[in-house]
Every structure is written in C-alpha cells, then in structure tokens.
Amino acid sequence: EPEVTQTPSHQVTQMGQEVILRCVPISNHLYFYWYRQILGQKVEFLVSFYNNEISEKSEIFDDQFSVERPDGSNFTLKIRSTKLEDSAMYFCASSRVASYGYTFGSGTRLTVV
Amino acid sequence: DQQVKQNSPSLSVQEGRISILNCDYTNSMFDYFLWYKKYPAEGPTFLISISSIKDKNEDGRFTVFLNKSAKHLSLHIVPSQPGDSAVYFCAASAGSGNTPLVFGKGTRLSVIA
Chain A
1 EPEVTQTPSH QVTQMGQEVI LRCVPISNHL YFYWYRQILG QKVEFLVSFY
51 NNEISEKSEI FDDQFSVERP DGSNFTLKIR STKLEDSAMY FCASSRVASY
101 GYTFGSGTRL TVV
Chain B
1 DQQVKQNSPS LSVQEGRISI LNCDYTNSMF DYFLWYKKYP AEGPTFLISI
51 SSIKDKNEDG RFTVFLNKSA KHLSLHIVPS QPGDSAVYFC AASAGSGNTP
101 LVFGKGTRLS VIA
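As given, the protein sequences belong to chains A and B, one line each in that order. Residue 19 in this note's numbering is what sits at position 19 of the first sequence, and the numbering runs on without skipping anything. Residue 7 in this note's numbering is what sits at position 7 of the second sequence, and the numbering runs on without skipping anything.
Looking at chain A on its own, in the form it has when it is part of the complex (with noise of 0.2 angstroms):
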C-alpha cells in the first residue's frame, strides 16, 4: 500500500538553528499538507500545498515557516529559527482530492532545546 514518507523520525535541534523536515508523498497525490501535534494537545493544521503554492495555512504558519517542493517528489517543512515551543510532533499528509482520503506519514518529532 502506498505510503507517506517522513525523515527524520526524530530530529533534536538548539533554539535559534533552522531545520528542514522532509516529506515525500504518495506520487499521484496532488494536495500536501503539515499538521503538528504538541504533546497532548490536539492536531493542528499548519499549511496546505498545491499545485506548487501554498494554498491555505494557519496563524501558526508565520514567517519563520516555509514550505517547498523544490524536485516534484520531496515536499519540505523549513523552520527558520526554532523556539522551545516549536517542540511536537511534525505530520505530512498528501491526498490526490482536495480534504478527503488523507494519508498521513509517521510524523518527525522535533525537539527544540
């Protein structure tokens, strides 16, 4: 069955470093999509991709977030500069009709210390 692939499964980073997460969707997928899950708290949505612009995102999606599709396989999460509450977990997710039918990759785990 296809998958939703997602590196690293767990990224460790200081305060104030970028990093990049990365994303391959399923490859007749065409919307992508980042949700985040703080530790306890629910999914949240962050932005969603397609047809290679961002096509809605959140209050959370400020300007120290990015995302790009920079070889038409690879979908990335760019962070900046990293604050301690930028810490959760990081899920891609693409589908090929706009909302329905997500598949969600196993999530990176981003800690910010």
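Hints are not guaranteed to be accurate.
Straight-line Cα separation of at most 25 angstroms, SDA-like style, residue types lysine to any residue; simulated pairs [unchecked claim]:
#1 A:Lys42 <-> B:Asn7
#2 A:Lys42 <-> B:Tyr39
#3 A:Lys57 <-> B:Met29
#4 B:Lys71 <-> A:Ala98
#5 B:Lys5 <-> A:Phe61
#6 A:Lys42 <-> B:Ala113
#7 A:Lys42 <-> B:Ser51
#8 B:Lys5 <-> A:Gly72
#9 A:Lys42 <-> B:Ala70
#10 B:Lys105 <-> A:Met89
If the Cβ cut is set under 7 angstroms, some of the chain B residues that face chain A in the computed set are [said to hold, decoys possible]:
#11 Pro40
#12 Pro44
#13 Asp55
#14 Pro100
#15 Phe103
#16 Lys105
In short, the hints are calculated from the structure, not lab data. Just so it is clear, CB atoms sit at the ideal spot from N, CA and C, and this is done for glycine as well.
Following the hints, complete the assembly by docking chain B onto the known chain A.
This is chain B only, laid out in the frame that chain A set:
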C-alpha cells in the same frame, strides 16, 4: 477556538463490549466528517467517514452516526477488541476546494481483555 471537540480524553471498555466515541462540532459549514485512529509513534490512519447527506455509515465493526441538528457525531465499535486500543481523532471539513481537515483533541480508547 475549538471547532471540533472531543470532550472525553479517555475511555476504557471491556473486550467484546461496545465502544462509543463522541465528537461535537460548531462550524455549520462542515459537511464531511472522518475518524482517524492513531497508534503511538505512527501517523493517524483513516478509519471511516460520513458525508452530511447521510446519518449513518457502517464498515464492519465500525459505525459512524451523524446528527446534524445537534452538530454531533459518534463512532461505535462493536465488538471492541484489544487491538482497537489507540487514540481516535474526529476530523471535519467544509469540503469545498482545498479546505483542510480540522481535528479534535482525540480520545484515548483502552480495550481491556
């Protein structure tokens, strides 16, 4: 601003009995609802969905009920099995265009043998 609410953070059920997980929503524009299941160290996996034109959808042991007037949906699992122990997330979408899913905080289900 919690548009999707799962008010029970946890639920324990005996094996073989029925598990009922509840979800309330506030946004009347939501017209598509999903349940996701999440095991530790894995991403959420799609379980079952329902469109607002229906009030019930069944898939094996899993049934989702939608009460639009009450803005309430529930997931019934019967009979419950130990392997069903996981966190269950309710999600909703307005469905039009690239509207991202909005998740609840999740309910941790423990099925006791």
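Right, here's what the structure says about each hint:
1. The straight-line distance between the Cα atoms of Lys42 (chain A) and Asn7 (chain B) is roughly 12 angstroms, inside the 25 angstroms bound, and the hint therefore holds.
2. Between Lys42 (chain A) and Tyr39 (chain B) the alpha-carbon distance is near 15 angstroms, which keeps this suggested pair within the 25 angstroms criterion.
3. Note on Lys57 (chain A) and Met29 (chain B): the hinted pairing holds, with a Cα-Cα distance of about 19 angstroms set against a maximum of 25 angstroms.
4. Between the alpha carbons of Lys71 (chain B) and Ala98 (chain A) the distance comes to roughly 23 angstroms, so the proposed pair stays at or under 25 angstroms and holds.
5. At roughly 22 angstroms between alpha-carbon atoms, Lys5 (chain B) and Phe61 (chain A) fall within 25 angstroms of each other, so this suggested pair holds.
6. For the suggested pair Lys42 (chain A) and Ala113 (chain B), the alpha carbons sit about 28 angstroms apart, so the restraint of at most 25 angstroms is broken.
7. In summary, the hint linking Lys42 (chain A) to Ser51 (chain B) is supported, as the alpha carbons are separated by about 23 angstroms, within the 25 angstroms threshold.
8. Only pairs whose Cα atoms come within 25 angstroms are accepted, and Lys5 (chain B) paired with Gly72 (chain A) is rejected, the gap being roughly 36 angstroms.
9. Between Lys42 (chain A) and Ala70 (chain B) the CA atoms are separated by roughly 22 angstroms; this keeps the pair inside 25 angstroms, and the hint holds.
10. For the hint pairing Lys105 (chain B) with Met89 (chain A), the CA-to-CA distance comes to about 14 angstroms; that is within 25 angstroms, so the pair holds.
11. With its C-beta approaching chain A no nearer than about 11 angstroms, Pro40 (chain B) sits outside the 7 angstroms limit, and its interface hint is violated.
12. For Pro44 (chain B), the interface hint holds, since its Cβ comes within 7 angstroms of a Cβ in chain A; the closest pair sits about 5 angstroms apart.
13. Against a cut-off of 7 angstroms between C-beta atoms, the interface hint on Asp55 (chain B) is violated, since the closest Cβ of chain A lies about 19 angstroms away.
14. With its C-beta approaching chain A no nearer than about 5 angstroms, Pro100 (chain B) sits inside the 7 angstroms limit, and its interface hint holds.
15. Below 7 angstroms, beta-carbon pairs count as interface contacts, and Phe103 (chain B) has one with chain A at about 4 angstroms; its hint therefore holds.
16. Residue-level restraint check for Lys105 (chain B) holds (minimum Cβ-Cβ distance to chain A is 4 angstroms; threshold 7 angstroms).
Hints 6, 8, 11, 13, counting from the list given before, are not met by this structure.
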